[in-house]
Amino acid sequence: MKTRIKELRARYGMTQEDLAKKVGVRRETIVFLEQGKYNPSLLLAHNVAAALKSKIDDVFIF
Amino acid sequence: MEQKESGKQQLIAVAAALLVLLSAMIDARLSFALAIAGLFALSFTMKTKFWKQAPFILASLMIAAVVVVVLNGPGELSLPDLAVGGLVGAIIIAFSFYRRKSGVVLNDERTIAIHNRAAMYSWWVSYVMIAVLFWFDYSGYMKLTAIQFGGVILFTMLLSQLFIKRYLLYRGDS
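Protein sequences appear in the order of chains H and W.
Sequential numbering of the first sequence, starting at 44, is according to the numbering used here.
Sequential numbering of the second sequence, starting at 264, is according to the numbering used here.
In case anyone wonders, no lab produced these hints; they're calculated from the structure.
Note that the structure is predicted; figures quoted are calculated from it, not measured.
Keep in mind that the hints are not guaranteed to be accurate.
[Claimed, not checked] In silico DSS-like pairs for lysine-lysine, Cα to Cα no more than 30 Å straight-line: (1) K64/H x K98/H; (2) K64/H x K96/H; (3) K64/H x K428/W; (4) K96/H x K80/H; (5) K80/H x K406/W; (6) K98/H x K49/H; (7) K96/H x K65/H; (8) K80/H x K98/H; (9) K49/H x K96/H; (10) K64/H x K80/H; (11) K406/W x K49/H; (12) K428/W x K45/H; (13) K49/H x K65/H; (14) K65/H x K406/W; (15) K45/H x K64/H.
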């Protein structure tokens, strides 16, 4: 699964650490999400999308 | 404020460890009693409920006992060694609580899922190991005592879980 997390993160000047803190996960989880190597739960996907002020569909490309 | 309190707890833990080490030189029973008292005191200084930590403290004592038995050989369980081992385990647990309190996320949904998968794979590895050892013993190819059998399974479970977890942590799930 591809994601636009990196692009959206850059838009809002957020580091991986910042995003991880906002959604309450480890930084490594954000790294794996960005690389498309981890399928998040619906709750995490929602939280990441909310932290990036976007919709889930805009962040995660199914 | 909370970080200051955690810092104090760490200092207390280190002081307690030194006290146990010193008392171990004087008397084994005194050292053991101090270590147990220290474990309970440590758990009560934490803000989380004691009963949530009790299994971890008992587990650290058990692991310490096994390590001591393996290092010294069966029947050579030294109380000071056990006490110090248990306290070291408690300090490690206290440190992880301190890190969690300081805002570091130690476990999230990904690591919990990986931990569970590693436990499942480890169970299967151990099952295969039990089967192999059983048939080796049954066929007379290798005679094992109960202690040897238990020791092999104990370390197979522990190490396979750790290695599989480490592998899965560095590999994506899709």
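Here's how the hints hold up against the structure:
A C-alpha spacing of about 19 Å is found between K64/H and K98/H, which places the hinted pair at or below 30 Å, so the restraint holds. With a C-alpha separation of about 15 Å, the suggested pair K64/H and K96/H falls inside the 30 Å cut-off, and the hint holds. As the CA atoms of K64/H and K428/W are separated by approximately 23 Å, the hinted pair is consistent with the 30 Å bound. With a C-alpha separation of about 22 Å, the suggested pair K96/H and K80/H falls inside the 30 Å cut-off, and the hint holds.
Between K80/H and K406/W the CA atoms are separated by roughly 46 Å; this puts the pair beyond 30 Å, and the hint is violated. Restraint check: the Cα-Cα separation between K98/H and K49/H comes to about 15 Å, which is no more than 30 Å; the hinted pair holds. A threshold of 30 Å between alpha carbons decides the hint, and for K96/H with K65/H the separation of about 12 Å falls inside it, so the pair holds. The hinted pair formed by K80/H and K98/H meets the criterion: a straight-line CA distance of about 20 Å does not exceed 30 Å.
Distance hint between K49/H and K96/H is fulfilled; the C-alpha atoms sit about 13 Å from each other, no more than 30 Å. The hinted pair formed by K64/H and K80/H meets the criterion: a straight-line CA distance of about 20 Å does not exceed 30 Å. Distance restraint check for K406/W and K49/H: the Cα-Cα separation of roughly 58 Å exceeds the 30 Å cut-off, and the hinted pair is therefore not satisfied. Among the hinted pairs, K428/W with K45/H is consistent with the structure: their alpha-carbon atoms are about 25 Å apart, no more than 30 Å.
In summary, the hint linking K49/H to K65/H is supported, as the alpha carbons are separated by about 15 Å, within the 30 Å threshold. Distance restraint check for K65/H and K406/W: the Cα-Cα separation of roughly 57 Å exceeds the 30 Å cut-off, and the hinted pair is therefore not satisfied. Pair hint K45/H plus K64/H holds up; C-alpha atoms about 22 Å apart against a cutoff of 30 Å.
Hint compliance for this structure: hints 5, 11, 14 are not met, and every other hint is.
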